[in-house]
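Between the sequences and the hints, there should be enough to build the whole structure, so can you do that?
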Amino acid sequence: MQHRIIVLGAGYTGASAAGRIARRLHRDDVAVTLVNAEPDFVERVRMHQLAAGQELTPRPLGEMFGDTGVTLKLAQVTGIDADARTVTVTTGGGTEDLQYDTLVYALGSGWNDQGVPGTAEHAHEIASRPGALRLRERLARLDAGRPVLVVGGGLTGVEAATEIAEARPDLDVSLAARGGLGDWLSAKGSRHLRKVFDGLGITVHENAEVTAVEADRVLTSDGRAVPAEVTVWTAGFAVHPIAQASALQVDGTGRIVVDDTMRSVSHPDVYAVGDAALVAGPGGKPLRMSCASGIPTAWQAADAIAARLTGGKLPEVPLRYFNQCISLGRKQGLIQYVTADDRAVRHALTGRLAATYKELICKGAAWGVAHPTMGLPTRRRRVVTEPSRTAPVTEAEAEAAA
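Heads up: the sequence shown begins at 518 in the numbering used here, then just goes up one per residue.
Careful: at least some of the hints might be erroneous.
[Claimed, not checked] Think about it this way: if two alpha-carbon atoms lie no more than 16 angstroms apart in a straight line, the pair counts; the simulated EDC-like pairs of lysine to aspartate or glutamate are:
id, residue 1, residue 2
1, K590, E572
2, K590, D557
3, K590, E580
4, K712, E726
5, K590, E555
No lab work stands behind these hints, which were simulated from the structure alone.
No experiment lies behind these values; they were computed from the predicted model shown.
See the structure below:
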């Protein structure tokens, strides 16, 4: 009888976790199933490029996991019964329940309209490939000189505004930020960001909290009405609601509360990774939703699962930040170096070299999904615990078995 491991979601974190688990455990002992709604791996960090009209390299999941021992199941996750250890999914053939011994929850996040009136009806999102493609089509129909407004002054908003402005210099592109432009950056980083925005002709509306989105404009809390034939909403993300509807312990935003090994504090046979997990970083500060945070949590969970099932040593790798990689179109970039808890330091890399750096990071992230052990040889270890156990072995049992 094989130990059934189900991974929900094939984004950066879910795909990395599934592949890494499969390379850590013997195929005769485990059945690893990766559930995803789409047949392709989506490079979410490139959605602003897709929206701006660029073509991305297709990455079929079937090819990525063809000889790894991971079974790909194309289905929409519709429910989780964490007490009964079942996942309900919907496929073209109907609804079915999948039973698991260990579950890895990696359904990630989507856009968050923050409850602002008119956003759902009038704004575009780029947190998903369908959303990015809809924006791409809308931008293609815009005549020269028409106003495009990006709402949100974080990393996603900055990248979207610069990418669109570079690809369509004939449009009137602007950005609305709740605070100051790049106010989280170092002085050097902030100066470079403003220089690039000026060079691309992007108008910045600072300290502009958007209170309503209409068909041809947005309204702000200080009474401004900003023209916008197209509004792109990048003001935060919200996690998938399925976890909150289950018996899993979550925080107020719906993120699953986990320990240092990414294991649910309420259900020890469930692990959560990426945006869906409430993970404590340096100083107890929660890790932000990002690819930089997500992939290390996927590795941590995969290695912890393998250790508990094989009687090995649990991973003790600290989760921390090193830099923030920001693309500013195809020709400019910004690498902001940060402390372990994600606070900017004075050092930053800018210009074309930074753009090349960011591109290498993006390519490396996609390569890492297909090579979750970073190309290093691995030995598939045998499972030493009973597959039917309600919970994985304890740390004391793991140390004794080692």
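So, going through the hints one by one against the coordinates:
no.: 1; hint: K590 with E572; in the structure: violated (26 angstroms)
no.: 2; hint: K590 with D557; in the structure: holds (12 angstroms)
no.: 3; hint: K590 with E580; in the structure: holds (13 angstroms)
no.: 4; hint: K712 with E726; in the structure: violated (23 angstroms)
no.: 5; hint: K590 with E555; in the structure: holds (10 angstroms)
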